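Colleague: Sequential numbering of the sequence shown, starting at 5, is according to the working numbering.
If you are wondering where the hints come from, they were derived from the structure by calculation, not from laboratory data.
One or more hints might be untrue.
The calculated label-pair distances, taken between Cβ atoms and stated as ranges, are [what the hints assert, rightly or not]:
| no. | residue 1 | residue 2 | range |
| --- | --- | --- | --- |
| 1 | R125 | D256 | 28 to 34 Å |
| 2 | V535 | L651 | 51 to 57 Å |
| 3 | K677 | G481 | 54 to 60 Å |
| 4 | S109 | E203 | 21 to 27 Å |
| 5 | L206 | P166 | 16 to 22 Å |
| 6 | F45 | E203 | 41 to 47 Å |
| 7 | L474 | G278 | 24 to 30 Å |
| 8 | G128 | V162 | 20 to 26 Å |
| 9 | D376 | T485 | 44 to 50 Å |
Remember, it's a predicted structure, so these values are computed and weren't measured experimentally.
Every residue gets a Cβ at the ideal spot worked out from N, C-alpha and C, and that includes glycine.
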Amino acid sequence: APDIPVIDQAYSKLSNSITVEWRAVPGATSYMLTAQDGDSFIETVVKNSPGTVTGLKPSTLYRITIRSMNSGGKSQPSPFRKAKTVLAAPILSVSSPSCDSIAVSWKAVYMAAGFSVSLMRSDGLGRMLKENTTNTSLIFTNLDPGTLYTIKAYAWNVNGMPGDDFIYNQRTSPNTPVDVKVAFNSGASRAVVSWMPTEGALTYSVTASSGLLKLKCNTSSTSCTVPSLQCGSEYYVSVTAHNDAGSSKPTDAVSLKTVPCAPVNISIEEAEPGHLLVSWSSVSFGHYYVVFVKSDDGLEVYCNTSYTQCHFQSDCGFTYFISVFAYNKAGQSPLGDVFNYTTAPCCPSDFRAVFVSSDTVRVAWAPVRGADMYETRAADWGSVVLCNDTATACTLSALQCNTPYSITVYSFSEARGSNTSCAPKRVETAPCSPEIKNISKESLSVISVQWQSSNEEATYVVTARGEAGLWHCTSTGNSCTLIDLPCGSAFSVSAIARSPAGQSLPSYSVPLETAPCCPNDLILTQVTQSVTNISWSVGMGAQTYLTTLESPKGQAKCHTLQNYCLLGCITCGTNYTVSLQAISETGLTSTCTYQGYSSSACCPSGVKLFRLSSSGIRVLWRAADETINYSTDLHGSKGNFTCAPSLGQSHCDITEIPCGDVYTVVVAPVTDKGLKLTFCPKKIYSVTCSGSSVGMVIYRGKSNAEHL
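Generate the whole structure from the sequences, applying the supplied hints.
Modeller: The structure is reproduced here in structure tokens:
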């Protein structure tokens, strides 16, 4: 084992250890240090000097020994040396009660006679502050706000020996923020609060107080948004800075008045057509109000006022959307209820009354704004006729003719009801229909019509309507005359009444028939000496005809459905009067007279032939009238011969006529126009030759022959 070491010195620099110094022992590889306090001890093995025994109690006297060791063993303990551990460090409790002070406190330290506490900025700036005290607390003042300080404290004993150090870093609390600004966002109902940054502040808190209501927001920046602010309120806004040392004093409160709340109790009245009155209740913090009125056609107007009502002009038939806003310096109030107000529909002012008949009028008008339905009302002194329809026209029937009515067209809407301010129009119905009482014929083409009516100041038009056309007559009385009516026509006669109010319905029609027309053309043709054919053109309206030829010697008549007739028993050479009656189906008769008719001259009698010479023949007859010209014609196979005697003669000579032939002899009167009658009797004679130049004339009749 190595030799026993000798302790040169033993001392304590920390309250839980003692350091020992000795001279090295040859052959020793390590050393065992022992600190003994009464019955307890603590051992520590070290390699060489110096060595430290740890785990000791502060301010305690220990007996220190040392032993050297190697592989062979350990030496005996050295002579002891007494050493006492230093005082324990005070355990500090540090706070920053204000932005410029730090308070330090600690518990009493065993065997301590006093304490030394020093303080300086951790960044090394400024001077160090040091305080010695026998108390267990002290306060450093006049410090920089929000600054990190390093605090060092230790205790000393009665000998002035210092104990362990206790080091603590403490930041002063921040200063109160400055330059606080509040910006209110009326659209989002929140406020943005901003301030200048404060030294040493880690976070900030903003408090907005209104009565018992408190709203807060926290941030590490220099602005913060306080949400959900209530309208119509006054908030007091303050800002507090915070760090690990504590909080600053809150800033002086900044007053924030939010936007006013939306006005309530809004009422809309239409005191008179065309004027709207909008009123509302006043609201807190409302400096003035703006009322917006937007019509359904997109046009918008507004009213700016510090009162609680506004007047607006309005038009009929519009729906107005009305909103009221309150304003102050903070801005506009939130949107409240939007009211709609529909004005009464417009009145149809340009309606037109068109008479369909005397008791029916059709009223039409242009559509008006806001109207869902219309009511047309026609009122006289004792009755009312109504018509309801969604169309812009209405037909009022069962009205009294020739009566003044007050007609009003009212408009209705579901939203507002009826517009009762619509003005009436005075409309007089058309006259009543007249009643034809009598139709009389003044002449063939002149008809007088009489009627009865109760109308006042009416003009009457009588119309005769037929296939031949229309004929009219006009009168303000109760009769008029239709003239120049065509013959042979059927008419329907009616009458109407006219006035500035309109035209009545036509009266019931009365049939009218004019007498048949006389035929324009009448032709008489003598067929035989006693028979005459009469023909005529058709007479309009005639069904049958009665013709008459009359002379002093007698009369001939013919009644027929045709337009011709044969009349017998005509006396030749006689002047007749000619008349014709055209008779209608209903028996109306027109008597027609024509130019007189003269029957043809009578045919001569006693026609005979006498030989004048071998080649000459004389034709002889008895004339009915010496004033008549005659013509003699002989027709044979060997030739035709004609002779015309002078006026008043009753014979005619033909000088050159061949014999040995049969001749047909006709003696007929000649008319003034040179025409020969064709119906006179024919006689046949045979002219024979006697020798070469002598002949005989023989008459060949039915039973006899006559010759010369």
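Colleague: Are the hints correct? Go through all of them and say.
Modeller: Now for the hints, and whether the structure bears them out:
no.	hint	in the structure
1	R125 x D256: 28 to 34 Å	29 Å, holds
2	V535 x L651: 51 to 57 Å	28 Å, violated
3	K677 x G481: 54 to 60 Å	58 Å, holds
4	S109 x E203: 21 to 27 Å	25 Å, holds
5	L206 x P166: 16 to 22 Å	35 Å, violated
6	F45 x E203: 41 to 47 Å	54 Å, violated
7	L474 x G278: 24 to 30 Å	55 Å, violated
8	G128 x V162: 20 to 26 Å	34 Å, violated
9	D376 x T485: 44 to 50 Å	57 Å, violated
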